[in-house]
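K.L.:
First to last, the sequence lines map onto chains U and W. Quick note on numbering: this note's numbering labels position 451 of the first sequence as 451, and the sequence is numbered without any gaps. Counting from 1 along the second sequence, just add 1000 to a position and that's the residue number in this note's numbering.
You may find that some hints are simply not true.
Said to hold, decoys possible - Here are the simulated DSS-like pairs of lysine-lysine, each with C-alpha atoms no more than 25 Å apart in a straight line:
1. W/Lys1118 with W/Lys1072
2. U/Lys252 with U/Lys199
3. W/Lys1211 with W/Lys1166
4. W/Lys1251 with U/Lys664
5. U/Lys608 with W/Lys1211
6. U/Lys221 with U/Lys232
7. U/Lys608 with W/Lys1164
8. U/Lys172 with U/Lys80
9. W/Lys1229 with U/Lys608
10. U/Lys184 with U/Lys208
11. W/Lys1102 with U/Lys608
12. U/Lys184 with U/Lys233
13. W/Lys1167 with W/Lys1003
14. U/Lys199 with U/Lys221
15. U/Lys208 with U/Lys234
Said to hold, decoys possible - Some residues of chain U that are not near chain W, with every Cβ distance over 10 Å (derived):
16. Glu403
17. Lys460
18. Met587
19. Ser592
20. Ser593
Everything labelled a hint here was simulated from the structure, so no lab data went into it. Remember, it's a predicted structure, so these values are computed and weren't measured experimentally. Positions of the beta carbon are idealized from the N, C-alpha and C atoms, including for glycine.
The primary structure of each chain is shown beneath.
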Amino acid sequence: MQRIGVFVCWCGSNIAGTVDVQAVSDALKNEPGVVFSTNYQYMCSQAGQNMIKDAIKEYRLTGIVVCSCSPRMHEATFRKTAQAAGLNPYMVEIANIREQCSWVHKDIPTGTEKAIILGKAAVAKVNLNAPLTPGESPVTKRALVIGGGIAGIQTALDIADAGFPVDIVETKPTIGGKMAQLDKTFPTLDCAACILTPKMVDVAQNDKIRIFSYSEVQEVKGFVGNFDVKIKKKARYVNEDICTGCGACTEKCPQKNVPNEFNLGMDNRRAIYIPFAQAVPKVATIDPNACNMLKNGKCGVCAKVCAAGAIDYKQQDQIIEEKYGAIVVATGFNPISMEKFDEFAYSQSKDVITSLEFERLTNAAGPTAGKLLRPSDLEHPHTIVFVQCVGSRCAACAEKGKEYCSKICCMYTAKHAMLVRDKYPDTEVYVFYIDVRTPGKNFDEFYRRAVEEYGVHYIKGMVGKVTPEGKKLKVQGSDLIMDEQVHIDADLVVLAAAIEPDKSARPLATMLTASMDTNDFFTEAHPKLRPVESPTAGVFLSGACQGPKDIPETVSQAGAAASKVIGLLAKDKLTGNPCIASPNELMCNGCSSCERVCPYGAITYVDKEFRMPDRTTAIRRVAQVNPAVCQGCGACTVACPSGAMDLRGFASAQIIAEVDAICK
Amino acid sequence: MQKITREVLIEKAASLLNEGVVSGVLGWKQGEFAYDVTPALFTTVDELNEQFVWGDFCGANFSKYLVAHTRKTQSKVLVFLKPCDTYSFNQLLTEHRFDREKVYAVGIPCEGMADVSKVKAIAGEGITAIESTEEGLAVTTLYNDAPVVIAYEDALAERCINCKSKKHVAYDELIGEEGDVLESGRFDQVAALEAMTPDERFAFWQKELSKCIRCNACRDVCPACTCEKCVFNNPVSGAETKAPMGTFEEKMFHIIRAFHVAGRCTDCGECSRVCPQDIPLHLLNRKFIKDINTHYGEYQAGAEVGSRAPLVNYTTNDVEPGDVFERGEENA
């Protein structure tokens, strides 16, 4: 029989305001196994913890129940307290009477009743608790960063700086990501390439960092400290080690009409290409969908002009297997498709463009060599209309756009407007906005400059329709402050398209068993206190894959993620979770149901000899759980038809005892 | 009437025994009554000649017997499998429940089996002999002078009227011609139950399940129920004590059982065949199969070895629990 102590916390008035804590500790005194019950203002305080330690010694307690806040908050605290008093830490149960009780109830009678019930359930469970001892597992001292944008670059550099090897996996032929496509960066207007490309070079030259460009993560197995990852290095048909990046092939390739992704299709590249001048690695890649040699074997020009002999038409996809201790997701974002927003005539006129396309149009390395020319006739536009929140904050049109604020558009639109007015003072610039949101260091000052110094016309209201008419775009919008309809004959319309997580994020989340929100942004372990960790141990988040972010924020998050990774990799051993599955071999059928549902691949089978009930001996196939791999999710215990699989610390019998206590 | 004869099966079994390919034969032998055919293990040709039977009452599915039998012996056993039995055979292989190397499976064609209850309902009690004739089953009873002839279609078991497949999905050797997977109306009755109001449906199941005498025959015959230790025989499982709770204990037994075989049941229909109280137990399982088909795409347990059942598999296209819940709401 257990000797259980019950400790009811007031949490100041957080709990005591809606729960009669005295009544709870009195009621629980009479539960089976309870030998001591008390309540105190702050159980988590030093005095509260000492109260628990003293009670454990004085009443020779074998288990304790703390009725307090969520176990996510203080379970670890109270386990340590118990351990300090000589009790096994897994003999502690938390009844969450704050988040699940006092905070959601308004009156004391119902709050108290529920708190007592939750306490009874916890007591019922502790009665069946058994001491558990966690195992240990080693840490592979290498990190994987998925995504080679500014987030991934910064994370990798910071981890490498601490002395740990890092691999970057990037799907594109070069690292750099979205930032490489930008022209200037707010709020200081320094050029994106000038501050990004040195970092890219740092990555390339850092002997701790390996870049797997034009590659994808194909499979992730294992667990924190011990991930086994398969990386698919796609055939680029050019030997990376030999190619000097001279670019001769990209000049001679006869296939000239492949839309250039880097310039968002606004100009063309060849079938063999280097995305941009500062690409890292600076090696050519053959686009197998465009190359005549690969499609029908007729050409071979690039191989002839390549002085290094780097062209290899027979190159195959390569699978690289590597072990990692930590994984950082930095998959970034993309602007949403403008397909569903045809009121802005995006598909009807070349002169309706997205903001990212605008970046390329004003970029010196862009399709117009930095001259602002409209795409249709390459004439200089004299009236430009910027439309903000296209697809952002779209609560009423969730099927078209996104409900959230994309966060970066207000600032980059102010930047675009300012740049236009600075370079071309003869151009009138209008910005339609719902709100202008500028929380950030020097952000509002920046926006004020656009309005006050550069004379950008900000109009509060949305554009209803854009109609191409001759060489003009008729923009019809509303000015909510003047309460009137506005008609503008524009030469160029720029849409601040909402941003969304990269499409590769969801399958990756499945591989990593990392959770996502409804918008496919990765969920953090705690929105305030653990913002760069995924709830899956060993998986960290960097940049816009976790939510819309600008560059300063992305870089600080990237550094934060790196510091978490360094903290993990610096450890020699990780303490495991003892609450893992364990099969009762006498009942196991060997049917593989558990193996099939196990998301971690923790279950294997062995043939074992058993003495059967009829006194014969039989060799049976039975399940075995790898304690280092099992995460204690419990999926197997539910799938097991005979109930042979059980979870330590969360045994079916314990759960049923809790339910019985609640229903009594 | 079965197209294939007893002699053909005995000949096959005898030759395999004589050649030493197998050391035993799982087949049918005559039981207490004319309609009572029982599974048996034959180890000699003489036993086969004397006791082996084959006919319209040989419904028993031998797949489950292989679990215990293959553990006892190092040599092979011959098993005769009707098309529907082969699905259970595969499902048990998927679950690693017996050693395939110790089995010699002979697929045999089946024209559908007779339902004893239907025969009794027409011919009456006191059956002394049943003969399969061209016209139908000629049933002699204590109380009639001339045999009552029942047309085969009138005696056919429900599972055979709604036969899902004449195709053998597993065998080492096939006797007769291979058939096809059939379009059956096996979900019509489930649809009729779904169309009921919850009260009507509860009344239906209360009426049916109240007949249950907890003889456990359905569980004992079920090829999906091969657990080393059944939860209903295991005091620590909690299920044993849950089932007899309240005035309507049988429902918990059958509902727990239906959940345990969900996604693994091949719809062989053995549960309803052996039920001495004629409870249409297979309808519970078919409801699960129908729901799995609706929500996860067509899936036939046992159609192939090693197939991953939707309920123990995750794909990103899986139905969201909320959608299933909403559908449940609509039906309520």
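K.L.:
So, for every hint listed, does it hold in this structure?
P.N.:
Now for the hints, and whether the structure bears them out:
Distance hint between W/Lys1118 and W/Lys1072 is unfulfilled; the C-alpha atoms sit about 38 Å from each other, more than 25 Å. With a CA separation close to 31 Å, the supplied pair U/Lys252 and U/Lys199 exceeds the 25 Å bound. At most 25 Å may separate the alpha-carbon atoms for a hinted pair to count; W/Lys1211 and W/Lys1166 exceed this at roughly 33 Å. Between W/Lys1251 and U/Lys664, the direct Cα distance comes to roughly 22 Å. Compliance with the 25 Å bound is thereby established for this hinted pair.
A distance of roughly 42 Å separates the Cα atoms of U/Lys608 and W/Lys1211; the hinted pair therefore is violated under the 25 Å criterion. Note on U/Lys221 and U/Lys232: the hinted pairing holds, with a Cα-Cα distance of about 15 Å set against a maximum of 25 Å. About 38 Å separates the Cα atoms of U/Lys608 and W/Lys1164, which puts this hinted pair outside 25 Å; it is violated. A threshold of 25 Å between alpha carbons decides the hint, and for U/Lys172 with U/Lys80 the separation of about 47 Å lies outside it, so the pair is violated.
Simply put, W/Lys1229 and U/Lys608 have alpha-carbon atoms about 17 Å apart, close enough for the 25 Å limit, and the pair holds. With a CA separation close to 30 Å, the supplied pair U/Lys184 and U/Lys208 exceeds the 25 Å bound. As the CA atoms of W/Lys1102 and U/Lys608 are separated by approximately 18 Å, the hinted pair is consistent with the 25 Å bound. A hinted pair counts as satisfied when its Cα atoms are at most 25 Å apart, and U/Lys184 with U/Lys233 does not qualify at roughly 32 Å.
Between W/Lys1167 and W/Lys1003 the alpha-carbon distance is near 16 Å, which keeps this suggested pair within the 25 Å criterion. For the hint pairing U/Lys199 with U/Lys221, the CA-to-CA distance comes to about 31 Å; that exceeds 25 Å, so the pair is violated. A hinted pair counts as satisfied when its Cα atoms are at most 25 Å apart, and U/Lys208 with U/Lys234 qualifies at roughly 23 Å. The Cβ of U/Glu403 sits about 18 Å from the closest Cβ of chain W, beyond the 10 Å cut-off, so the non-interface label holds.
Interface exclusion of U/Lys460 from chain W stands, the closest Cβ pair being 38 Å apart, more than 10 Å. Distance to chain W contradicts U/Met587 as a non-interface residue, since its nearest Cβ pair spans about 4 Å, not more than 10 Å. The beta carbon of U/Ser592 sits about 6 Å from the closest Cβ of chain W, which is not more than 10 Å, so the claim that it is off the interface is violated. Not every beta carbon of chain W lies more than 10 Å from that of U/Ser593, the smallest distance being close to 5 Å; the non-interface claim is violated.
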